[in-house]
Amino acid sequence: MSLLDKLDAVAAARKALLPEGMDVFGIPIGEIYSATEAKIGDRRILFLGTNNYLGLTFAPECLRAAHEALESEGTGTTGSRMASGSYGGHRALEREFADFYTCHSCIVFTTGYQANLATISGLAGAGDVILIDGDSHASIYDGCRLSGAEIIRFRHNDMTDLDKRLRRLGERSRSTLIIAEGIYSMLGDRAPLAEIVKLKDAYHSTLLLDEAHSLGVLGKTGQGLVEETGLIGGVDFITGTFSKSLGGIGGYCVSNHPQLDQLRYVSRPYIFTASPSPATIASTRAALKLLHDGVGLRQQLWKNAHQLYSRLQELGYQLGPEPSPIIATILDTPQQAMALWHGLLEHGIYVNLMLPPAAPDGKSLVRCSVSAAHTSEQMDYAGQAFADLRETIL
Amino acid sequence: MSNDYNDILQKLCHHLRQLAGPEVEITPQTDLINQLAIDSVKLLNLIMEIEDEFDISVPINALTDVQTVHELTNLIHQIKSAK
Ligand SMILES: Cc1ncc(COP(=O)(O)O)c(C=O)c1O
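Here the protein sequences line up with chains A and B, keeping their order.
Sequential numbering of the first sequence, starting at 22, is according to our numbering.
Sequential numbering of the second sequence, starting at 3, is according to our numbering.
Note that these hints are calculated values from the structure, not bench results.
Don't take every hint at face value.
To be verified - Some chain B residues judged to face chain A by a derived CB distance under 10 Å, without partners named: (1) Leu18; (2) Arg19; (3) Gln20; (4) Ala22; (5) Val43; (6) Asn47; (7) Met50; (8) Asp54; (9) Glu55; (10) Ser59; (11) Val60; (12) Ile62; (13) Ala64; (14) Asp67; (15) Thr70.
In this text, a Cβ means the ideal position worked out from N, Cα and C, and glycines have one as well.
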């Protein structure tokens with residue numbers, strides 16, 4: 022098969038799955054009205070699939086900071102963190118993140134994807150082992166591949182399974198990196214952090230927690246699952262992203278291990294890419310302050326999450342195992358999922374669709390994410406749309 | 003081929019039949035992805051079952067060289083013998 026034939030096969034497979042004219046994965050968004058509303062085609066739609074958990078994308082403080090940085094420092098750094106691309110703002114944000122977690126060190130990366138690539142491949146290498154949850158995000162899989170370490174999966178959130186796999190490793194568990202996520206992006210459930218920390222201590226392994234979806238969402242000051250559970254001391258490395266609750270783009274890793282700083286010299290996804298633009302860094306610094314002080318935002322976020330989760334549960338939809346800002350409706354067939362997704366869009370609601378093999382266990386997902394910026398009326402409207410579609414879908 | 007190999011092959015075929023259905027004929031030459039339509043995620047889940055069945059660790063990186071039932075059997079055999 023030639024290189025281009027392979028892409029033709031991809032196109033054919035997608036065409037077989039998706040109805041003619043239904044470009045599910047490439048809908049162009051026209052105007053953006055606010056953190057929760059936009060224009061698609063000629064109609065106003067409600068965003069219910071973005072990861073704008075705290076609704077900060079239009080926060081005046083963030084807009085102002087970004088404007089000022091744009092004016093004073095220009096549109097881009099045109100350099101890597103390693104060469105010409107580390108401005109005062111990048112360093113300041115690293116200090117602020119380290120302070121936010123009361124940690125020794127922080128490194129800022131250009132995306133959350135790269136934060137995982139850089140951290141994982143910088144920590145583990147050939148001869149080491151990485152144990153990852155079966156539902157891990159693609160950036161974790163890719164980071165593992167880049168590292169050259171042996172990759173072993175454990176069953177999602179199954180601690181007996183993790184224990185068994187650590188035991189099998191024998192002495193090698195000492196050079197093993199365990200990776201989990203604060204809140205899993207597929208079903209919105211949390212990692213059983215206390216048990217994971219217990220196991221990593223018992224087997225003398227190292228633990229990395231990706232708080233991409235839990236930063237700003239869990240904990241009194243929004244640190245994530247580490248704060249919610251009081252277990253920050255048990256986690257060796259935390260990665261996360263600016264692209265969700267912070268409303269920007271970029272990523273970070275924090276740690277109390279001073280060795281983290283050495284990643285700057287060995288980690289290719291840190292070295293061989295341009296650093297985040299000054300405006301991005303400035304808006305993220307402003308957003309981090311709002312996130313830290315955002316107790317009220319978190320209350321509103323969780324109120325919305327509980328409201329929509331219980332409504333969909335009452336309606337008889339099969340959902341992820343616990344209420345969370347990620348509310349995944351689990352459907353048996355891709356056809357059901359596409360019909361629900363399309364029906365919601367016709368109701369003016371834009372959510373995410375996940376088809377196998379991207380969704381776990383051969384199921385399909387229609388995934389909503391709620392925001393602190395959503396109103397109670399918007400949650401009601403979404404609940405009513407799910408109610409209207411129930412008969413035809415289930 | 004050793005008894006061990008045949009034993010592994012038999013147990014592996016048992017797992018594969020559960021994924022591919024009982025009517026599909028499986029031989030050592032059968033291609034896992036193209037003939038049994040086992041997608042990447044199913045294959046990764048199968049690996050976890052194999053790890054438990056044989057009490058071994060099978061790094062998923064090792065799968066890049068695996069296409070047929072024979073190659074997967076061989077991989078398990080190698081890991082088991084090295085234990
Ligand atoms: C768990 C997890 N980690 C990392 C990322 C990557 O973040 P970014 O969008 O900043 O590249 C995502 C985002 O999709 C994610 O869900």
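Tested hints:
Interface hint status for Leu18(B): violated, as the beta-carbon distance to the closest one in chain A is roughly 16 Å, over 10 Å. With a least beta-carbon distance of about 17 Å to chain A, the hint placing Arg19(B) at the interface is violated under the 10 Å criterion. Evaluation of the Gln20(B) hint against chain A yields a violated restraint, the C-beta minimum of about 13 Å exceeding 10 Å. With its C-beta approaching chain A no nearer than about 14 Å, Ala22(B) sits outside the 10 Å limit, and its interface hint is violated.
Taking 10 Å as the C-beta cut-off, the interface hint given for Val43(B) holds, the closest approach to chain A being about 4 Å. Hint status for Asn47(B) relative to chain A: holds, with the closest Cβ pair at about 7 Å, below 10 Å. Given hint, Met50(B) at the interface with chain A, holds; its Cβ is 6 Å from that chain's nearest Cβ, closer than 10 Å. At a threshold of 10 Å, the smallest CB-CB gap from Asp54(B) to chain A is about 7 Å, leaving the interface hint in force.
Annotation: Glu55(B) was flagged as interfacial toward chain A, and the flag is violated, the nearest CB pair being 12 Å apart, outside 10 Å. For the restraint placing Ser59(B) at the interface with chain A, the shortest Cβ-Cβ distance is roughly 5 Å, inside the 10 Å limit, so the hint holds. For Val60(B), the interface hint holds, since its Cβ comes within 10 Å of a Cβ in chain A; the closest pair sits about 8 Å apart. The closest approach between the C-beta of Ile62(B) and any C-beta of chain A is roughly 5 Å, which is under the 10 Å cut-off, so the hint is satisfied.
Taking 10 Å as the C-beta contact cut-off toward chain A, the hint placing Ala64(B) at the interface holds, the least distance being around 8 Å. Hint status for Asp67(B) relative to chain A: violated, with the closest Cβ pair at about 14 Å, above 10 Å. Here the hint on Thr70(B) is broken, as its CB sits about 18 Å from the closest CB of chain A, past 10 Å.
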